[in-house]
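Q: Next come the chains, spelled out residue by residue.
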Amino acid sequence: MITAAVQEREHYLNASYGIKSWLLTKDHKRIGLLYLATITLFFFLGGAFATLIRVEPLTPQGGLVSSETYNKLFTMHGVAMIFFFLIPSIPATLGNFFLPMMIGARDLAFPRINLLSWYLLVVGGLFALFAMLAGGVDTGWTFYTPYSTTYSNSWVIATALGIFVAGFSSILTGLNFIVTIHRMRAPGMTWFRLPLFVWSMYGTSLIQVLGTPVLAVTIVLLFCERVFQIGIFNPALGGDPVLFQHLFWFYSHPAVYIMILPAMGVISELVSTFSRKPVFGYKFVAFSSMAIAVLGFLVWGHHLFVSTQSVYAGMVFSFLSYFVAIPSAIKVFNWTATLYKGSISYATPMLYAFGFIGLFTIGGLTGLFVASLGIDVHVTDTYFVVAHFHYIMVGGTIMAYLGGVHYWWPKMTGRMYPEIWARLSALIIFLGFNLTFFPQFILGYMGMPRRYHVYPPEFQVLHVLSTAGASVLAVGYAMPMVYFIWSLRYGKLAPANPWGATGLEWKTASPPPLQNFDETPVMTHEAYDYSTVIEEVIEVG
Amino acid sequence: MTPHTEHNGQHIDSAGTYILVFLGLIALTVLTTAVAFVDLGDFSVVAALGIAVCKMLLVALFFMHVRHSTKLTRLVLVGALVWLGILIFLTLSDFATRGFTGVPGR
Amino acid sequence: MGRLPLFPEQASTFAPDVDHLLYYLLAVSVFFTVLIFGAIFYFAIRYRRRSDQELPHVQHGGMVLEILWTVIPFGLTMVMFTWGAKIYFDESRPPVDAVQINVVAKQWMWKLQHMEGKREINELHIPLGRAIRLTMTSEDVIHSFFVPAFRTKQDVVPGKYSTTWFQPTKAGKYHLFCAEYCGTKHSGMIGWIYVMEPQDYANWMRGGATGASLADEGAKLFQDLACGNCHKADNSGRCPSLVGVFGSTVKLSSGGTVKADEAYIRESILQPNAKIVFGYQPVMPTFQGLVTEEGVLQLVEYIKSLGAKPAAAEGAH
Amino acid sequence: MASEAHHAETLALREQFDTEEQQKDASTLGMWIFLITEIMFFGGLFLAYTVYRSWYPQIFAVASSSLNVYIGAANTVVLLCSSLTMVLAVRAAQLGRQKSIVWFLILTLILGGVFLGVKAYEWNEKFVEHHIPGPSFHFEGIANQGPAQLFFSLYFAMTGLHALHMVIGAGLLITLIFQARKGRFSASYMTPVDVVGLYWHFVDIIWIFLFPLLYLIDRHLGR
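Protein chains in written order, with numbering that gives the first Met the number 0: chain D, 0 to 540; chain W, 0 to 105; chain B, 0 to 316; chain E, 0 to 222.
So here's chain D without its partners, still in its complex pose:
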């Protein structure tokens, strides 16, 4: 735990001690740190599965593990990473910690529900962990019927219950954020003075609230069909497995926007702070978050192009999928335009922001490939799709998550992280990531199907390249874990505003007092007005 108090001044970390003070806390800041610890555990668990998944294809006949184990590995990698790391990552840690501070509030609207959300994630996580330890689940994170209901004899129900419970954690967090943003903004904090991170949290919460319940009911139906043998999706009784895919993807596509929207919010903050300029086209970036949240619900059918979905529905979904690509393009162009004539610093968070913009561009553009019906028929269910969504989730969300953690680490812990080590790990992650996933685009177009334990020999070279990249990536991810813990004890003491940023969270001490602000701040200037900050930087010198 955090040992020596940073200064004798009272703040949320030394306000109270002991396990009870953490496990029964109602302080959004402590709950944010609890989430940080929980999802870091699941990140390294998912990462361990990932390394095994990457080592297996070193040889075409795949000698490391049996095919059953391999099927369980990629399933548990998917479940652990998506439901227990990516979806809660930025909203639950950085969102919980900084949303109230950014809008000048003392806490979220419903602190006790916030704590309940964390417990729901932990209980859901324990269900999933139990399933993994007891024997694992081998249906793929998509749980397609009739395999998951009738033919799989692995721990489907335990994992499904875990995801069901964790889903409510996501719903309640979304609910909490929407009410907080609507009802608890400080005086003067109008909608267009909100930081763009808050806009992206609002869009994410909309998706969490509107999408996750449909996954919950889908899991209830899956549970009933598997446990009580009643047939909702059972083809033998006249049910339709494709209906399960519709219900599943109605949530699971907006879920990828739950994962990327918060990352975009973090990047808007980083790009603005480290080029010391307001984000170019503030309103366009803010409204594109809303557009992504809304349009994200109209496009799920592009996961069903070859699943005997009707041709006309395929065309409707393909057409709408191109609509949802436009707001993402607008954001990328606006970030790049923000750099123009800025005062750009190369601090670690900015390196992560550069990495994000580049890799998210590639991820987004390959999204245009799989949205086109002609190409998708060939590349769906191959490594091309695996590469596409890893570019978005790993190249995008995890880069932004690490950038955000580095950016707000001084505010959270009152300590600075070691700059040189941090820049080195950012570079290693960028290189390792590209070496891992770029070859998979080629593999995919060559026709290498995903979720394959053995494969034809002509794909081996690309697989070996990808596994080499994975080992570099693993090193890159291990480094922050080490130096963040190191910084808690030995890191330089952080000033209130180390980066000269303009958010309200930088106007209070590091680490912040229990009630965030000594007195409720009044917002008087535009969202990213750096003229107000420069005097402070000059005084501090």
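To be clear, the hints were calculated from the coordinates, so they are not data collected in a lab. Note that beta-carbon positions come from the ideal geometry of N, C-alpha and C, so glycine has one too. There may be inaccurate statements among the hints.
Stated by the list, open to error - Below are the BS3-like pairs computed for lysine-lysine, each with C-alpha atoms no more than 27 Å apart in a straight line:
| id | chain 1 | residue 1 | chain 2 | residue 2 |
| --- | --- | --- | --- | --- |
| 1 | D | Lys506 | D | Lys491 |
| 2 | B | Lys184 | B | Lys85 |
| 3 | W | Lys70 | D | Lys282 |
| 4 | B | Lys117 | B | Lys184 |
| 5 | B | Lys169 | B | Lys219 |
| 6 | W | Lys70 | E | Lys125 |
| 7 | E | Lys98 | D | Lys25 |
| 8 | B | Lys172 | B | Lys219 |
| 9 | B | Lys117 | B | Lys303 |
Unchecked claim - To be clear about the criterion: a stretch of chain E counts as covered by chain B if any three or more of its residues have a C-beta under 8 Å from a C-beta of chain B, and this derived list gives those stretches:
| id | stretch |
| --- | --- |
| 10 | 138-150 |
| 11 | 201-214 |
With the hints as your guide, set chains W, B and E onto chain D.
A: Coordinates of chains W, B and E only, in the frame set by chain D:
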């Protein structure tokens, strides 16, 4: 009994209004049950859903005070119904157009 | 290791179209990737922070730029959409004269059957230059018939038929993969498509034990299951005559009509009450579980063979 | 604005709010957003119902005819009564009439109980007729049992989830009754009663749609 009185900023409807709405709901329930026994062909589904929507509006506007509540609450309610529509009608865009090409599975 | 292949072979009429669409998409992607990466590197170096007190000139935005980078990407994506949709629409309508092959997918093997009766496991021999149409179904979970060299993929869903078609343009031996996760040996459910010159194909076809054609086996099954007791050719039984029914439009008791394709016949065998023919009672028992998927496909071929011939295959007694 | 370091948390006003008006708006907005998640939760079931009814209209009509429509209609009236007493309880809370709050809440609870009792009776009747989906399912008068079992799977899924939400609602009512008896609610602080009222009316609206969709499919066919 004026329709509703001001009471420290809250609109309070009279008990009479609520009873009137309640009787309306009972009447609609009887109506929808009766209509089901009349052969209207495809129109019977539309009638059943139409009556149900009327009952929903009565409960929402009067019993859940949506009449007096903020624009945000109304937006939230309308938004939910729009999303329900997206879920049902976009999925039906697949199920309704299956077999149009005459080729099985397309 | 041989040279490192970057593209799969182009072995079907679809392959060049899909690859041309890919080149277009690649061009657009490389352009924007270079644009964004270049802009980032240039701005990052050109406008690096010289001193801590530096306050850059404030720019809030530019409407013209915003419109430009909304309209242009939208235009490019609409080309992607229409081009892709055209290919998809072509892939969904097999030509009428295509060679018909039935595929039954089972946990972890492909069972393929030619009209002439020849059966193959995980291998498919097809003649060059002819369009090949596959009518597929699964006995257990969802599989997916994927031939990278032909650029075609189609899920095989239990409980219904699904169709894919291709016209090979190059003789050779091409990979067949199962692309939808289907359990333990999902990665073992692979095979080969042999595209042969018409002459070699004819020799191969005569070579093996051909056995009775699919339609004849269907007739035998039609008799074994005593379908003839009700479905009499002269329409005197309690059920509609099946002569010439395939391809016709059937009037239903619910007032609608349906085109009697393979899917309708299969559904009428396994779930007779789903659609009842106008003027008949729902008395037909379900044959779910009494007849295998191959059996249903044979019955469909037999009913197709009835065609216009009035009372050829009585098969009643 | 509250300037003292720690904002004292009074019984009525939670620490993180500045005014009671803000707290009431937040709670009401919170419940409405929760009701959105419930609408989407039941939405998935309504989608499955819509698809399968369009696939098997006649089998659904025959299966639906086995449900007793008069009990269903009576049950709907019972639930509408409980909605009336609930809204009168909320009105009593707004006017600060302590005794009538308690009475109307108890009445609502009783009517909810009656509804669940009638529902249990109907399910038992289905159990006796072997209409519960699963291995023991058998429905007279239809050749293939598959789609009939689909109807009853949806019937039990929808009414089961609705009943579960009724039980949760009953639990909320019981806690409200205890608090109301202790005089916790007044004209200025009645948010919990209002919020539970919203939830109860929502559960009623779900039944308003379930009743015609499950019980009243083509009754004119008169099997």
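Q: If a hint holds in the structure, say so; if it does not, say that too.
A: Now the hints, each set against the structure:
Of the pairs offered as hints, the one joining Lys506 (chain D) and Lys491 (chain D) holds, with about 19 Å between alpha carbons and a cut-off of 27 Å not exceeded. Using a Cα cut-off of 27 Å, the hinted pair Lys184 (chain B) and Lys85 (chain B) is violated, with the two alpha carbons roughly 35 Å apart. Note on Lys70 (chain W) and Lys282 (chain D): the hinted pairing holds, with a Cα-Cα distance of about 23 Å set against a maximum of 27 Å. At roughly 26 Å between alpha-carbon atoms, Lys117 (chain B) and Lys184 (chain B) fall within 27 Å of each other, so this suggested pair holds.
Proposed proximity of Lys169 (chain B) and Lys219 (chain B) is contradicted: the alpha carbons are some 38 Å apart, above 27 Å. Between Lys70 (chain W) and Lys125 (chain E) the alpha-carbon distance is near 45 Å, which puts this suggested pair outside the 27 Å criterion. Taking the CA atoms of Lys98 (chain E) and Lys25 (chain D), the gap is about 35 Å. The hint is violated against a cut of 27 Å. Pair hint Lys172 (chain B) plus Lys219 (chain B) does not hold up; C-alpha atoms about 35 Å apart against a cutoff of 27 Å.
At most 27 Å may separate the alpha-carbon atoms for a hinted pair to count; Lys117 (chain B) and Lys303 (chain B) meet this at roughly 18 Å. Chain B is given as covering the stretch 138-150 of chain E, and this holds because 5 residues of the stretch bring a CB closer than 8 Å to a CB of that chain, at least three being needed. Here the stretch 201-214 of chain E counts 0 residues with a CB under 8 Å from a CB of chain B, which misses the bar of 3, and the coverage is violated.
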